[in-house]
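Peer 1: Got two chains here, each in a separate frame; can you build the complex from them with the hints?
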Amino acid sequence: MEQLRLWAVAERSPLYQWVFAILAIVIAVGSRAYLDHALPPGFPYLTLFPAVILTGYFAGTRAGIAVAVVCGIAAWYLFLEPVNSFALTPPSILALVFYMFIVTTDLVLIHAMRYALSTLEVEKDRSDTLAQANKTMFHELQHRVSNNLQVVSSLLKMQRRNVADESARAALDVASARLQVVASIQRQLHNPKRQTTDMGQLMRDVLPEVVSSSALSDRVVLDFDVEPVIVSGDQATPLALIIVELVSNAVEHAAASHRMTHLHLTMRSRGPEAIIIVQDDGDGLPADFVPEKSRSLGLRVALQFTEQLGGKLVFETVNGARVTLTIPLERSAPH
Amino acid sequence: MQHTVLIQDPDALIRLDLAQTVLDLWPDASVILCKDAQQIAQTVAGGVRPGVLILRQSLRGLRGANLADWAAASGARVILTGVDDGEAPSIASLGWSTLDMPFSAAHLRRVLQPGCNDR
Chain S
18 MEQLRLWAVA ERSPLYQWVF AILAIVIAVG SRAYLDHALP PGFPYLTLFP
68 AVILTGYFAG TRAGIAVAVV CGIAAWYLFL EPVNSFALTP PSILALVFYM
118 FIVTTDLVLI HAMRYALSTL EVEKDRSDTL AQANKTMFHE LQHRVSNNLQ
168 VVSSLLKMQR RNVADESARA ALDVASARLQ VVASIQRQLH NPKRQTTDMG
218 QLMRDVLPEV VSSSALSDRV VLDFDVEPVI VSGDQATPLA LIIVELVSNA
268 VEHAAASHRM THLHLTMRSR GPEAIIIVQD DGDGLPADFV PEKSRSLGLR
318 VALQFTEQLG GKLVFETVNG ARVTLTIPLE RSAPH
Chain U
181 MQHTVLIQDP DALIRLDLAQ TVLDLWPDAS VILCKDAQQI AQTVAGGVRP
231 GVLILRQSLR GLRGANLADW AAASGARVIL TGVDDGEAPS IASLGWSTLD
281 MPFSAAHLRR VLQPGCNDR
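Chains as they are written, first to last, in my numbering: chain S, 18 to 352; chain U, 181 to 299.
For the record, the hints were derived by calculation from the structure and aren't laboratory data. Incorrect hints may have been included.
Which chain U residues face chain S? A few, computed with CB under 8 Å, are given here [what the hints assert, rightly or not]: (1) Leu193; (2) Ile194; (3) Asp197; (4) Gln200; (5) Pro282; (6) Ser284; (7) Ala285; (8) Ala286; (9) Val291.
All C-beta atoms in this analysis are idealised placements derived from N, C-alpha and C, irrespective of residue type, glycine included.
Okay, chain U solo, but in the shape it has when bound (with noise of 0.2 Å):
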């Protein structure tokens, strides 16, 4: 089954590696990268449609732009790297996960795979 991946994070580095990690689980994947919710917009204006988003976005600022609605009417995984404090329970009700920064490729792993094997 092929992923595609649309990670968005506005550290080029950061978007590097956490495209790393999802091809290290997913070699076949296709993997989108995003510096922000505007190029989110864009690329989903395009046409695109994400299996999983990993988004460096707190519930708050995802529907500040708009894109709460999409991204839970998408069916897509969500993983939300930037919550703010006190929106944990309101993520876990739309079936969201979150990780906390910094993370490391093994919890990455963890939350886009259960039972995936670390190594």
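Extracted from the complex, chain S is given alone in its bound form (with noise of 0.2 Å):
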């Protein structure tokens, strides 16, 4: 069917349609005269039907009309009575008449179809440019956007570098570690046929360099307990930027304690919702602490985030801290 389709819009040089009009013509009036003695008496377009129907096909409307044309003026000198002459009788009238009408009508349609035909091909082609315009755009946007954040990230290191104050250092390395997990997510979403993320692996990806990081990283030990949480494109920064903030808060303060701590992170996707939870075995919350009233700006974040993803976020001193967070996945991403 799909060769079908290409032959009716294939563009036909003028030989190509002349050459096939005229062979058509001579195999279609050649045959009838052939069966002419074979065939009852009425038939005299028999074989000139076909040959209108495939030309005005295979080679175009001009080349059809042509053959209808010659084709008929046979007819009427070789098969219709009186034979071999041109007489015009109340019969052959009618049959020339019927003759014109079915040839018109067969050419009319499929020069219809022909140009349906032609118009889906260059709207075809049209979209598949536009397509590929539309992924080249795509890619171009992801480099662009690549390039910007590995600028930022070159600011921001080079600032760290200027400055000796060793709690802007640490603030330096925070803002760089969040530049990261942004960065990782945009890696991510960088296929235009992916646009949803696994949080559990981007995690185990991004959270060893968050906590190496830290100044403390060696007294923090991290463990996972994830299972694959399939959030989508406009989940995953948000949701990964509070699970950072919430580790690296636990970092600061769980090794503050000057022991050796171990830093667990649990993720799972129960239907409709995630449940991620960060427990450390340090000395846990401070009594009166509450989180809307903590100056921690990685906390405020945390509390921002999980308020636009209309999640939970649940405060517990439980063997040490405990951060419960709660979100539910949006439909589009598969659980």
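Peer 2: Take a look at the structure:
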């Protein structure tokens, strides 16, 4: 069927059209003459209609018209009574009118069909071009975003080198770590067909570097108990930043107790929700701890993003500090 | 061991940052900064033989600039930071490394020197 379509829309040279038409006329009239004695009376156009249709389809409307005219004249002379003459009798007039009506209808329909197929082909080519341009633009955009993130990352690193104050350096390290999280997600979404992220795998990739960028990293052991948790592109960045902030916060406070601290990240997908637990074995939360009143920028970021995601953040002291984040998973992301 | 590192990136800030990261790792390194493939070619034509190449190029771009064969024959450690999709296997088969942007100093150090401590 595809080949038939391609034949219909193919551009044909004038030479091709005329050769096809001549061959069609010769074969149609010749075969009709050959079969004349074997056919019952009343079939003057038997082989001529197929010739007109096939020529119109494969060689174009003009060629089809030429075949229709020549075959019609040939049939009038050779096959309509009285044969071997151009005499016009009522039956021959009727037959000729019938012939003209049929071939006209055929050629009009074939012409309309070929026009529709050609238009479809043009639209298909345009769609393919647009799709390719879209893909190219998407990749170009991704490269530009990557480049800009690299510039920002370089700026932070260069600023860090110029700063002597340790707390300022630590703040810049945190900023760099957050940037790397955003960049990791951006890389995952680089593929235009892939607009979801497995947060479990992402955290396995990103959190070790977040912990190692801390000055207290040698006192922290990070464990993972994560299942695949698939989130949409819109959810990935805020969720990743929440988790990074909670882990950074845990590293900062638990490890400051001057002993080895075990930090455990649990991630589960349960129906319409994702459950993330950051647990440490430190001294737990301060007795007067109120998250909403915390001066920590990281905690404020985590609370804001939790609200943005429509989730819930619960802080507890259970064998250390435990923070449980529950967020609804968007329907577009498969669980 | 003194390293000669050629860094190519069209962005001046990224070039400087890469140079600084290299010098943090190898304080005695000789670092050459290039903006584009043309400058790489001019540098190489001047007789410089870097041991490490950090290039913002794709494999296709490197071949187009007639630098791929030279890089492969030079024996230098090659790190490409501008690879196109699908080039990773070809690059790996050459024994070269890739870094996806944006990469941190730790990423670069890991690629430059496996086993190097981050701090």
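Peer 1: Run every hint past the structure and note whether it holds.
Peer 2: Going down the list of hints, with the structure as the test:
no. : hint   : verdict
1   : Leu193 : holds, 5 Å
2   : Ile194 : holds, 5 Å
3   : Asp197 : holds, 4 Å
4   : Gln200 : holds, 6 Å
5   : Pro282 : holds, 4 Å
6   : Ser284 : holds, 5 Å
7   : Ala285 : holds, 6 Å
8   : Ala286 : holds, 6 Å
9   : Val291 : violated, 14 Å
Hint 9 from the earlier list is the only one contradicted by this structure; the remaining hints agree with it.
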